[in-house]
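S.K.: Just so you know, the sequences run in chain order A and B. Each residue of the first sequence is one higher than the one before, starting from 1 at the first, in my numbering. Each residue of the second sequence is one higher than the one before, starting from 1 at the first, in my numbering.
Since the hints were made in silico from the structure, they are not lab data. Yeah, the Cβ is synthetic: ideal placement off N, Cα and C, and Gly gets one too. One should not assume that every hint holds.
What the hints assert, rightly or not - Going by beta-carbon spacing under 10 Å, a handful of chain A positions derived as facing chain B:
hint	residue
1	Lys-3
2	Leu-59
3	Gly-89
Said to hold, decoys possible - Chain B side only, calculated, beta carbon under 8 Å to chain A, not exhaustive:
hint	residue
4	Phe-29
5	Gln-134
6	Ile-135
7	Tyr-238
8	Glu-273
9	Gly-440
10	Tyr-511
11	Pro-603
12	Met-606
Unchecked claim - In silico lysine to aspartate or glutamate, DMTMM-like type, Cα no more than 25 Å apart, as pairs:
hint	chain 1	residue 1	chain 2	residue 2
13	B	Lys-508	A	Glu-45
14	A	Lys-18	B	Glu-282
15	A	Lys-41	A	Glu-73
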Amino acid sequence: MAKIKVIYTGYLIKVRKKQQETYTIEEGWTVKDLINRLCTKHNSEFKYTIFNQKTNKLLVIVLVNGRVAEPDENLMDGDTVTFVFPYSGG
Amino acid sequence: MKMFGWSGIILDVDLTKEKIVRRNLNKAFAKLFLGGRGFNSKIIYDEFDPTICDPYDPENLLCISPGLLSGSLAPSSSRVEISVARSPITMVFSDGNAGGFFGPELRHAGYDAIVIRGRHKKLSYLLIIDDDVQIRDATHLRGMTTWETDEAIKEEIGDPEVQILAIGPAGENLVASAAPACNLARVPGPAGSGAVMGSKNLKAIAVRGTKGIKVAKPDEFEKACFEAFDQILSHPLYKNWSIYGTSMLVGTKAAIDELPVKNWQYTTFPNYELTDGPYLYEHYMLKNKGCFNCPVHCSRYYIVREGSFATYGEGPEYEAQDTFGARAGNTNPESILYMNTLVNQLGLDVLQAGNAICTSMHWWQDGLIDQNDTGGLILEWGNVDAMIELLKQIAFKRGFGALFADGVVPAAKKIAAKKGLPEEKLIYYIIQGKGMTQVGSEELRGHIGVALSFATSTRGFDHLRGMPTIEIYYEQWYKGKEPEKVANELGIPLETLTDWFNHDLLRKGRYEGKEYVVKYYQDHCAVGDALGICRFITSWRLGVGPILMAKMVSAATGIDYTWQDIQKVGERIWTVEYAIQRRYGLRRKDDFLPERCYKEPIPDGMDKGAFIDKEKYEKLLIAYYKLRGYDEEGIPTKEKLLELGLEDIAQDMENLHRTN
């Protein structure tokens, strides 16, 4: 088993009512596994904040320890996964 | 001549002579510059004597122009541009842009622009109710905050719908960082226009309009506007933007290590989430608020119900959260909201005043100033009581704050002189260009195009002039995506975007070719300001790009514009502004970055080690000038000016080439 931290930004904080949480995952889980698990575990609003409802494409950037993650990348104990919208300006 | 789209009148107000003239708008001029920032910049070029150097000279020009589409059916058409021929912040041309309802009301009263010159003999305000224009006594408003002024004028007029642009004590006291406020909290930023209004004894402008706007082809215009609405409402970021606006940028910037922590010393900031939009929304927000005809309604009303920071107001925008938060090492959310209200009421620009604080804290950290210099203020990071006191001191020119009366760079010089230190030593700490401290909080060292756009900004040093937003998330988001999809999302014409992708121009760390991306955004943003639509709906963010702009402008005016014509208008405005600044004496040396960008690599976070290579930057700058048709000092060439239909400027620039 591995413990990972998940950090949310923007509307995902509203959906989860928290800015970060810790999950225990099975060894060998990939980024894609985690996303699928989160979408199953949480309500549909979570899923459709992360995925485009029509195209089913990701609407967020997924970072692992600050670097852009590949979907089949393995997650390790102590990793931090961040969901961030490509939001800039000010 | 019958005009559609435009109102057809420029209001010319001479406060010294108490003379008000209604000038007919020249259609050829209107066609070339469209409105808003385009009108202001060309009027300033044509009508201001560049040998006048004092921003508080009565003959300094203050131009206020809503855009061509302001007040119309076009989405987010709330904006008004406020420009000064001489800014007390930069000492050259500068401007600011604000939303709310003031700009649309001015269009509904029948005006495309107001030109204000002279100085009234006593404090006054301008009242515009359709064709009735009066200069009224405002001596009873002296010393009032922007909010008190707004309320007093509405009561005096007996009309709660009158829209007011007002200065507070900072403007009356001629503090360079003073800014007027429209609708209490929509502030046309960093140019020091509040102080220029104060120097003219102009406390406020109140406007009420009932005329509406006539467009040439109503059905086509409606169709084009609805297409733009669809673009906005279907954008993947709409949901976030419509709830949090810019306030959620704290969290997104923290995620990619781009917060300018403690005056840009670090990029990571523990407990940043306490200052992030979602936290503020959860604890202090009452509801969202929209500007005129805006489907995004990104602003918010907040209230802090009790405690020493009890307050209420509108916003905050990311800049306030950042300037009073990460930049100052402060994670107290209630204090940030309190200071946001305070600067709006005092009539201060949040960034120019806020940067005075975080720069001072940095000087304090390094032992360059102490309590003997600050009159007892302890300027340690995160000391919110000292921050609040310093804001008040700046607005009222008291104590240590009085040193910032002319801006942060002049303050550094005064402190250096007093302490017997070299000026350069204190100035080094200030993240600024052309005397304007950084507007926007982008990490310039990690993004070469963004850095170029800041340094070449025609109003100072800021992100709103044409920052290539696509570059910031290129590696994480746009890279490898189909060009059609990205073009649709950002409203960038496909051929333009394909060219950037094919030549890999957006790659992180790349210098060569970034000028093409920057020029597109700068020209595009100039047109957005000319149309009076919000930056957030343009290619900058939600994707109403030049193609949709061309449709709306063509239907509104009855004159056919292609998207290339629209971009050309932006290029024309940009070139006029470069000509203004070159006539004042700005040259290539003024389009560089703060020294810290070259000398201090990013110390932490995912871009650790990144810095700007000065030699490569200078090559890029010269390539940028070449692409724009300027010489190596940034002076527009005769060929470019003739191509843009600016024959009248060509001779002036030829003279500069000869004497350069």
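S.K.: For every hint, state whether the structure bears it out.
M.R.: So, going through the hints one by one against the coordinates:
{"no.": "1", "hint": "Lys-3", "in the structure": "violated (20 Å)"}
{"no.": "2", "hint": "Leu-59", "in the structure": "holds (5 Å)"}
{"no.": "3", "hint": "Gly-89", "in the structure": "holds (6 Å)"}
{"no.": "4", "hint": "Phe-29", "in the structure": "violated (31 Å)"}
{"no.": "5", "hint": "Gln-134", "in the structure": "violated (38 Å)"}
{"no.": "6", "hint": "Ile-135", "in the structure": "violated (37 Å)"}
{"no.": "7", "hint": "Tyr-238", "in the structure": "violated (10 Å)"}
{"no.": "8", "hint": "Glu-273", "in the structure": "holds (5 Å)"}
{"no.": "9", "hint": "Gly-440", "in the structure": "holds (5 Å)"}
{"no.": "10", "hint": "Tyr-511", "in the structure": "violated (20 Å)"}
{"no.": "11", "hint": "Pro-603", "in the structure": "violated (15 Å)"}
{"no.": "12", "hint": "Met-606", "in the structure": "holds (4 Å)"}
{"no.": "13", "hint": "Lys-508/B / Glu-45/A", "in the structure": "violated (34 Å)"}
{"no.": "14", "hint": "Lys-18/A / Glu-282/B", "in the structure": "holds (10 Å)"}
{"no.": "15", "hint": "Lys-41/A / Glu-73/A", "in the structure": "holds (21 Å)"}
Violated hints, listed in ascending order, are 1, 4, 5, 6, 7, 10, 11, 13; each of the other numbered hints is respected by the structure.
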